[in-house]
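There are 2 protein chains.
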Amino acid sequence: MSETEPSWDFYRTFLTVLQQGSLSAAARELRLTQPTIGRHIDALENIIGFQLFIRSPQGLIPTEAAIDLKPHAEQLASNAAALLRAATGQGGGVRGTVRISASEVIGIEVLPSILTALHDRHPDLVIELSLSDAVENLLLQEADIAVRMVAPEQDALITRRIGGIPLGLHAHRRYLDKHGFPENLQDLLHHRTIGFDRESAFVQAIRKRVPLMDLMRPSFRADSNLAQLAAIRAGFGIGVCQVALAKRDPDIVRLFDKEFELPLETFVVMHENLKTTPRCRATFDALVEGLLTYMGR
Amino acid sequence: MSETEPSWDFYRTFLTVLQQGSLSAAARELRLTQPTIGRHIDALENIIGFQLFIRSPQGLIPTEAAIDLKPHAEQLASNAAALLRAATGQGGGVRGTVRISASEVIGIEVLPSILTALHDRHPDLVIELSLSDAVENLLLQEADIAVRMVAPEQDALITRRIGGIPLGLHAHRRYLDKHGFPENLQDLLHHRTIGFDRESAFVQAIRKRVPLMDLMRPSFRADSNLAQLAAIRAGFGIGVCQVALAKRDPDIVRLFDKEFELPLETFVVMHENLKTTPRCRATFDALVEGLLTYMGR
DNA sequence: TCTCGCTCATCTATTTTTGTATATCAGATG
DNA sequence: CATCTGATATACAAAAATAGATGAGCGAGA
Chain A
0 MSETEPSWDF YRTFLTVLQQ GSLSAAAREL RLTQPTIGRH IDALENIIGF QLFIRSPQGL
60 IPTEAAIDLK PHAEQLASNA AALLRAATGQ GGGVRGTVRI SASEVIGIEV LPSILTALHD
120 RHPDLVIELS LSDAVENLLL QEADIAVRMV APEQDALITR RIGGIPLGLH AHRRYLDKHG
180 FPENLQDLLH HRTIGFDRES AFVQAIRKRV PLMDLMRPSF RADSNLAQLA AIRAGFGIGV
240 CQVALAKRDP DIVRLFDKEF ELPLETFVVM HENLKTTPRC RATFDALVEG LLTYMGR
Chain B
0 MSETEPSWDF YRTFLTVLQQ GSLSAAAREL RLTQPTIGRH IDALENIIGF QLFIRSPQGL
60 IPTEAAIDLK PHAEQLASNA AALLRAATGQ GGGVRGTVRI SASEVIGIEV LPSILTALHD
120 RHPDLVIELS LSDAVENLLL QEADIAVRMV APEQDALITR RIGGIPLGLH AHRRYLDKHG
180 FPENLQDLLH HRTIGFDRES AFVQAIRKRV PLMDLMRPSF RADSNLAQLA AIRAGFGIGV
240 CQVALAKRDP DIVRLFDKEF ELPLETFVVM HENLKTTPRC RATFDALVEG LLTYMGR
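Just so you know, the protein sequences line up as chains A and B, in that order.
Per numbering that gives the first Met the number 0, the first sequence runs over residues 0 to 296.
Per numbering that gives the first Met the number 0, the second sequence runs over residues 0 to 296.
Check the hints yourself; a few may be wrong.
[Unchecked claim] With a cut-off of at most 30 Å between alpha-carbon atoms, the simulated DSBU-like pairs for lysine-lysine come out as follows:
| id | chain 1 | residue 1 | chain 2 | residue 2 |
| --- | --- | --- | --- | --- |
| 1 | B | Lys177 | B | Lys257 |
| 2 | B | Lys257 | B | Lys246 |
| 3 | A | Lys207 | A | Lys257 |
| 4 | B | Lys246 | B | Lys207 |
| 5 | B | Lys246 | B | Lys177 |
| 6 | A | Lys177 | A | Lys257 |
| 7 | A | Lys69 | B | Lys69 |
| 8 | B | Lys69 | A | Lys274 |
| 9 | A | Lys69 | B | Lys274 |
Please keep in mind that the hints were generated in silico from the structure rather than gathered at the bench.
This structure is a prediction, so every number in the text was calculated from the model and none was measured.
Based on the sequences and whatever the hints tell you, model everything.
Written out as structure tokens, the structure is:
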């Protein structure tokens, strides 16, 4: 019942307990001890005046109040991490940690070689790669730089348009040997196809451009582009993937390269505040350069 | 030179020193003592590995590195405050602190009566009003709810359009008695007028709609709408202000009410995450309701 | 020039926080 | 049914952070 603001460390402890589910696990995570963590939670509960967890022999069960506070605590953690990244990058030169957000396909198939070259040039750079098709928010500092497939709307962001990465219809030779080549686009309806599970914004955009997609009933559905790519490689059926990726495997054949091509607009985005920090600047430039090369300009 | 993450409290101390300019002042602010603050800064400098401040008998002068880190620390503080607001608002019912961001005119001339009524209904509510024409960012949690004059672009925000608050040309009777009524809009060029100092986005929008504005050379310039309103009330000259505000003073006359009317689009905006918290919900609804009434529907 | 007010640095005593060890409880397993 | 592993809670000692007091530097104003 004090007037003072709680220690910010309590918030960190709170979040860790929330994430780990028990005082003991949180203590291991934070390299503290279980009684300490317990005292932090007690103190926080006393200050804010209500219970955050129900203690049980199996761990701590968060109350509704605690769940409501979780996003705030997570954001606090993001900011603290961003501050630390910014701090370690100080002192001139390209050094410190840079956190990149990208989609799974890009992150796994395209970025590694670009980042390898980047790190060869700047050995003091530590690279964090956060892969998710959910768009991480640069404003919330979840990442320093993002490779995006949608044009960002924020004006506090600096954006470099890469261009449209071409997508095409592909199938493995093994599949085609067994089921034959489709004669025309309509023929696709009688083939085994690979598509999306849920309706994302991206899927809706495709549908708009290619009405035929509406009619297709894919027999293999996954939201992960990576899983779709794997399915194509495994010879499951016909699916959409990046042309440049497919070319790497001589057994993957592109279909209807004249009739079907979908450009996937791509952008590299960074918060304006970071443009002067060497590590972000260098990474940003390397990503732009590397992606342009990947596209064959 | 430790491997461990610094205490988050160090960040708070760091920011306070940055804001206050001295260890002693920061100590007073945080209700700690000067040696403690000094140790925090020393510890932080040791962990991140470079100097944050140059000590002097006049206080602490931030290095460039410290200035670079400042925005991060400020955001951390915003989030911590937001978490605390969210915490005090727990427990059902409309209680706790709600932070509202609005422009100066709205905040001073329009909101007080709305907020008074709101507080009469919910005495446990604490209202923070942050007035600035700079748009505070809801995503950064600088405020819970904002009254905006530009349509928000973020999709994580829930927005309620109020409509166009009508702006009109006004002058005090005292001025008109002395200098006469302008015959037509062109005539304004020979009158004393009140306008903006710098080119804000808002001003440019006005110019686009009213080309005549380009020609006007206001003799009284202020970015603060409040100052402009005060100038009109003082009989300085002819200026633009909200029609509803001008009506309150019987000595202020509206000019060219047929030829000149500028609707100022207004929105009440809130972060989506807050829509279920009672205190924000109630405040949001009260603001929408109150502003609609203010506009006369 | 002297004093006052502000600053930061340092030393020491005290308070606070943390860690260690232990007790207890619940569930899984042989 | 005993045992083992996970969990939280508590008591007490160790460690760490804090407050308090003091010294010294710098600048403003009488």
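Check your understanding: Is the Cα-Cα distance between Lys177 of chain A and Lys257 of chain A 30 Å or less?
Key -> Holds, at roughly 24 Å.
Task: 30 Å limit on alpha-carbon distance, applied to hinted pair Lys257 of chain B and Lys246 of chain B - done: holds (16 Å)
For a C-alpha distance cap of 30 Å, please report whether Lys246 of chain B and Lys177 of chain B respect it.
The hint holds at about 21 Å.
Lys69 of chain A and Lys274 of chain B were given as a pair; does the straight-line alpha-carbon distance stay at or below 30 Å?
At roughly 15 Å apart (the allowed maximum being 30 Å), Lys274 of chain B and Lys69 of chain A satisfy the hint.
field: Proposed proximity, Lys274 of chain A with Lys69 of chain B (alpha carbon, max 30 Å)
entry: Status holds; Cα separation ~16 Å.
> Would the pair Lys69 of chain A and Lys69 of chain B pass a check requiring their Cα atoms to be no farther apart than 30 Å?
Replying inline: holds (25 Å)
message = Just to be careful, I want the Cα atoms of Lys246 of chain B and Lys207 of chain B compared with a cutoff of 30 Å; is the pair within it?
response = Given that 30 Å is the threshold and the Cα spacing comes to 27 Å, the pair holds.
Item to check | Pair hint Lys177 of chain B and Lys257 of chain B, alpha-carbon separation not exceeding 30 Å | outcome: holds (24 Å)
Holds or violated: Lys207 of chain A to Lys257 of chain A, with C-alpha atoms at most 30 Å apart
Holds, at about 19 Å.
Checked against the numbered hints above, the structure violates none of them.
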